[in-house]
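Top to bottom, those sequences are chains A and B.
Going by full-length UniProt numbering, the first sequence opens with residue 1, and the numbers climb by one from there.
Going by full-length UniProt numbering, the second sequence opens with residue 1, and the numbers climb by one from there.
None of these hints come from the bench; they were simulated from the model.
Small disclaimer: the values here were computed from a predicted structure and weren't measured.
Treat the hints with caution; some may be incorrect.
Derived DSSO-like pairs (lysine-lysine); straight-line CA-CA distance at most 27 Å [as the list claims (entries may be wrong)]:
hint : chain 1 : residue 1 : chain 2 : residue 2
1    : B       : Lys148    : A       : Lys102
2    : B       : Lys69     : A       : Lys50
3    : B       : Lys110    : A       : Lys102
4    : B       : Lys357    : B       : Lys368
5    : B       : Lys107    : A       : Lys246
6    : A       : Lys235    : A       : Lys246
7    : B       : Lys305    : A       : Lys50
8    : B       : Lys287    : B       : Lys305
9    : A       : Lys224    : B       : Lys305
Looking from chain B toward chain A, a few residues come up when the C-beta cut is under 10 Å (computed) [claimed, not checked]:
hint : residue
10   : Leu105
11   : Ser111
12   : Gly113
13   : Ser115
14   : Glu174
15   : Leu175
16   : Asp194
17   : Thr195
18   : Leu196
19   : Leu226
20   : Ala425
All residues carry an ideal CB built from backbone N, CA and C; glycine is no exception.
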Amino acid sequence: MKKLFFFFIVLLCNSASANSKDQLGSWIDSAERILRAQTSASVLSMAINKAEYQRDFTLLVLTDDRSEQQKVMVRMLGPALWRGNVTLKVDDRISFFEPRNKRTTVMSSSMLASSWMGSHFSNDDLMRETDLATHYAYQLTKSWQQDNRDYHLVELTPLPSAPVVWGKVMYRLYLEDGRVFPEQVTYYRRNDDAQPERTLTYSDVKLMDGFKVPTVMEMRISDKPDEYTRMHYQKIKFNSDLAASKFTEQAFL
Amino acid sequence: MGLYIRLAWRNLLRNKKRSSVTALGITLGIGFCITTLAIMDGLSHDLITGTTQGQVGHIQVHEQDYLAKRQLQQTIENNSQVVAELRELSSVKAAAARLYSFGYLSKGNKSIGVSLLGVEPEHERQVTSLAEQIIDGSFLSQPTPWPKGQALSEEQLALDEQLTEQAIANAFAELDGLDTTSSELQSHTNELIDTLAPLPFSLPNVILGVKLAKNLQANVGDEITLLFETAQGAQQSLDLQVAGISRQGTDLIDRTRMIFHIQDLQKLLQLPNQSHEIAISTIDLNKVDLAQQVISDVLAASYPKLSVQTWSQLRPDILALIQSNQALMGTLVFIIFLIAGVGVMNAMLVSVMERRKELSLLKALGLKGPNVVWLVTIETLVLTFVASIAGLVMGVVLGSYLQKYGWDISQFGEFSLAGVGMTSALKAKLTLNNLFIPVIVMFVIALLAALYPAFSAARLLPAQGMRAS
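Here chain B stands alone, though its shape is the one from the complex (with noise of 0.2 Å):
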C-alpha cells in the first residue's frame, strides 16, 4: 500500500504543471460547491426564519373555518383564557393573540382601503419581529383607555324611539318644503351614542405601513380618520393617531397595513375579548409536530372549534420553494462535478497513454493487471485528497466571509420571496453536511472518472507497448 501510494505520489509530482490544473479544477468545484450549499442553506434558514419570525409564528390557533372564509365574525371567543392555557404549556415559548378587519382610511382628502391588525405588542415581540419593523415613531405599548360601552336603558329606549320619529317627522316636513334643521336631536343622539358606543380618552395609536404613510403623506402625530364597518354591521368613523412606520418589506403589506393594540381594535370592532389569531412561538423550531399535537390535544378537550397549524402547513408555499430551491442547487452541483470529472479522467487518460511504455514495462515484469488499475486509482485519490483539502479550506474561508458579512444584493432592490421580506444581505450557513457532502461526492465520482483510463492501462499488451514510441 504505502508503495503504491510513493509511486503514485511521484507519478503525479513527474508532470507537475498538469497534476496542478486538475487538483485547481476539483479544488475550485469544492470550494464553490461548498459555497453554493451553503448559501442555499443560509436562504433557506432566512425563508423559514422569515415566515415565523417575520410574520407567522412558529405554530398558529385559529376557528376552525377561519383561514377558509376570513370573515369577521369567525373568531376565537375567550380568547385571553385560551392564551393563558397555551402560555403555561412547557413547549411554548410565547403566544400572542391577534385580529384582522378591513377598513378605509383617509388623511385631509386622500382615501385608502386599509387592512387593520391588532396585536399584543409585549407579546407579539417574543413571537415575530414586528416591533423591530418601526423605522420611524415608536411601537405600541398601552391601550388606549377606552370607557365600555353600554346596552341601552328601557328609558333611552324609547327616547330613541321618540328621536327617530321626531326625524321622520322632520323628514316629512322637508319634503314639503319647511326647513327643520334641529341640533337638539343630533345632541340627544349624541348622548344616545356616548352610551353604545363611548369615545376613548385620547386618540388610539395605530402603525402605518411605510409606503400607506407614503401615499397618506402621514407622519408621525399626525391624525388620521379610519372608517370601518363593526362586527353588528355598523358602518362608523374614528380619529386615530399615527404613533410609528413600520417596514416590513413585502410590497403589499407595507403599502396596506395599519397595526393597533389589539383591545383598541376590538373596542373598535365590537368584539369584546375575541381575536383570529393565536401565534405561537415554541422553544424549538425542530420539533414543531412535537409541540403543535400537546396543543392541540390540550386544546381539543375545552375549545374543539379552534384548529392548530404549524408554520409548514400555513405557508406550504415556503417549503415548496425550499425544496424546489434546494433541487435546482442539487442539479447545479452535479454538473459541476461532472465537469470536475471530467477533467480528472482527461488528466489521468492522458497520464496513461503517456506512460504506455513504463506501465508495459512494469507490466513485463510482473505486475498484475488489477494492480495497474489499483496503481491508477490510488493516483486519482492522492490528487483528489489533496485537492479536496484546498478546497475544503477555500470553501470554508469563502463560506465563512458570506456567513458573517453576507453577499450584498441590496443592488437588485429591496426583494421577498413569496411574501417573505428578506434581509438585503444573502448570508451563508455552513455546516457540516455542506462541508463533506462535496467532498464526498469528488471522491466517488474521481473514483467513476479514474475506472477507464485505470483499465484502460491494465489491458495494456507489454510487448506492443513496450515498442511505442
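So here's chain A without its partners, still in its complex pose (with noise of 0.2 Å):
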C-alpha cells in the first residue's frame, strides 16, 4: 500500500512536470510554425552575402502540414539562372528540379545537411521541419518583460537518440496577444560550447493575410561574421486548401 502511495506520487510529479514541459514545448510548436500555420503559400526573397559571392533569389514557397507527410515546395522565380527550379520535400525525401533539362534528381536523406542553393540554410531548415518541436527536451532557462511582453528563453538540448545534429539550442520566444512569436535561435554544436556555430533571427513583425507574423529571418554563422543569409517574406498566404497534386514531381514539368 506504502509502494503503491509512494507510486502515485511519483506519477502526480511526473505529470505536473511534464505539463510544464508541455507548456514550452507547445510554445515552441507555435513558434516554429508561426509562418507556415496549416498550409502556407508565400513569396518571398533571399539574400546570400557570402566572402565569395553575393546573391539574391526570390521564392515561392508552399507549405502544407495537414497530413502526417509534411510537404515543402520552393520554387525558385528569379533571377534566369534558377528560375524554375524547383525544390520538393515530402518527409525525408528531397527531389530537385530543373526546368532546361526536365530532368528530377531524387537526393537521399544525406543530403539534408548540405547547404541549399549555396545559402547559409541547410537543405533541412529550408524545408524547415518542425525538428526543435519533436525530439528536443526542454527547460525554462529565463523570464523577463519588455515592452508589455513575456519573453521566455528556453533551452533545448536533444532527446538520446534523436537525429539531430545540435548539442544544444537556445530558443528566445515573447507571447503577444495570445500567440508566440519567436526572436532568435542560436544553435550550439555541442552541449558544452561557449560560441554558438550560428544564430537564427526573426524581425520586422508584420499584418500578413490577417495574421502579426516576423518576415525578416537572418541566419548567421558565428565564425564569418561578415556573412548572412536573409528571407524578406513580401506575401504569405496562409491556411488556403492547397491541392496535393502541387507536392509532387508531376508538377514540376
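Now that you have both chains on their own, put them together as the hints suggest.
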C-alpha cells in the first residue's frame, strides 16, 4: 500500500513537470509554425552574402502540414539562371528539378544537412521541419518582461537518440495577444560550447493575411561575422486549400 | 693459416652428417632472408610507385591552404601559365593540372554522391597511370566543344528583372487560385540562361569508377545526369556521357570517382583557367627534394600563394608504413639468424666435446690456447662460408624467380595498402644490399656463436682431457 502511494506521488510529480514541459513544447511548436500554419504559400526574397559571392533569389514557398507527411515546395522565381528550379521535400525525400533539361534528381536524406543553393540554410532548414518541437527536451532558462511582452528563453537539449546535429539550442520567444513569436534561435554544436555555431533571428513583425508574423529571417554563422543569408517575406497566404498535386514531381513539368 | 684451414676442413668432413645439417640451417637462413628482404623491397617499391604513379605524382603544387580545407574556391589561378612555367624546368618531366569537386550523379531513378576529378589527359598520362586504369571504353582525349558564357547585357538584365516580376505576379495569382502556367516565361528564361551558361555542343565525356558504374548500372555510351554546385553556389544539372570505366584498386575511389577533362570541369564549375592541384613527375625520384627546392624557388617569386610538397610530405603515412614494414622485417630476419646462430653454436660445441681427446693431445703437443680458439673459429667460418655460398645461390634463384614472375596473392582478393591500390602479384626486388647484408650478418653471428665452443676447447686441461673416454 505504501508502495502504491509512493507510486502515485511519483506519477503526480511527473505529470506536473510534464505539464510545464508540454507548455514549453507547445510554445516552441507554435513559434516554429508561425510562418507555416496548416498550409502556407509565400513569396519571399533571399539575399545571400558570402565572401565568395552575393546573390538575390526570389522564391515561392508552399508548405502543407495538414496530413502526417510534411510537404514543402520551393520554386525559384528569379533571376534567370535559377528561374523555374524546384526543390520538393515530402518527409525525408528531397527532389530537385531543373526546367532547362527537365530533369528531376532525387536526393537521399544524407543531403539534408548540405547547403541549399549556396545559402547559409541547409536543405533541412529551408524545408523547415518541426524538428525543434519534437526531438528535444525543454527547460525554461529565463523569463522577463520587455515592451509589455512576456519573454522566455528556452534551452533545448536533444533527446537521446534524436536524429539531430545540434548539441544545444537556445530559443528566445515572446507571447503577445496569446500568440507565440520566435525572436532568436542560437544553435550550439555541442552542449557545453560557449560560442554558438549559428544564429537565426526573426524580426520586422508585420500583418500578413490577417496575422501578425515576423517577415525577416536572418541566419548568421559565428565563424564568419560578415556573412549572412536573409529571407524577406513579401506576401503570405495562410490556410488556403493547396491541392495535393502541387507537391508531386509531376507538378514540375 | 693454410694449415688451419686444412685442419678445419678435415674436421668438418669427419662428421659429414652433422656438418651438412648445420650448413643447411645457415643456407636456409640466408636464402630465406635474401628472399624476404627482396619481397620487402619489392613491396616498398610497389608502394612508392603505387603512390607516385597511382595518383600523387612526385611533387604537387596547391594553393597554400587548399590541403587543410579543400574548398572549391581555393584554386591555383592562372593555371595554364603556372603549368607552362613548370614544364620548362629541366628537373620536371611532366606536369598535369587537376580540379576537384563533388556532385550528385543519377541515372534513371538511381542517385549516388560522387567526387569529380578534372584532368589534362595527355599530361596526366606522363605523370600517373590513370589512363592505364581504364578497363572498358577509352580514356578522355579532347575537351568538349563548349561555347563561352557571357554576362547579360543591360537590356537582358532589364528583361530578367521583368521576368522575375512576372513570375512573382504569376505566383501571387497562383496563390489566389488562378491558373497561370506560362511557357513563354520559361522560353525567355532559357534564352537568358543560354547566354549566361550555354550548354556544350555535345555531351561531355566522363570516366566512371568501376563500382560506381556498377551501382548505377551505367555502361559505356550511356547518358547520365550530374547535379552539382558551381563556384558561385548555383545548383545546376547537366547530361553527360560515359566514355570509359576505370579500376584504380581502392574501394573508395572506385565507388565514387568520376573523371572529366579539366576544361569541361572548369566550364561546369565556372572556374576558368583554375585548378586545385598540379601533379609533377620529376626526372629522378631519388632527387625529389632537390627538384622541390627548385620548383619552390621558381614559384615563390611570381606566385607567393602556392605551396610545393613532395609525395612523402603529402603521404607521410606511406613512408611510415614502409619504415614500420622494414622494422618488422628486420626483427624477423634477426630472429631467423639468432636461431641459425644457436644451431651453429650447438654443432660446434658438440664437435668440440667429441674431440676433447684429440684437442687435449694437440695441446699436450704444444698447441697454445689462442691457437685452439683460432682452429675452432676457422672451422666455423669455413662452414659458414660454404653454407653462405649455397644460401646466396638459393636466395638469388628464389629472388629472381619472384622478381620475374611475382608471387600471386590474388586468391586473397584485391588489396590496397593505405589507400594505394596494389598489384595482385607481389614482386620481389633483388639489390646488392639484400644479397650481402644477410651474409655479413650471418658471418658476425657465426663468429659470436663460435666463441663459446672455441674458448671452452681452449680451456681444456690436456691431462684430464686425454684420460676421458
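Could you tell me which of the hints above the structure violates, numbers in ascending order?
13 and 20
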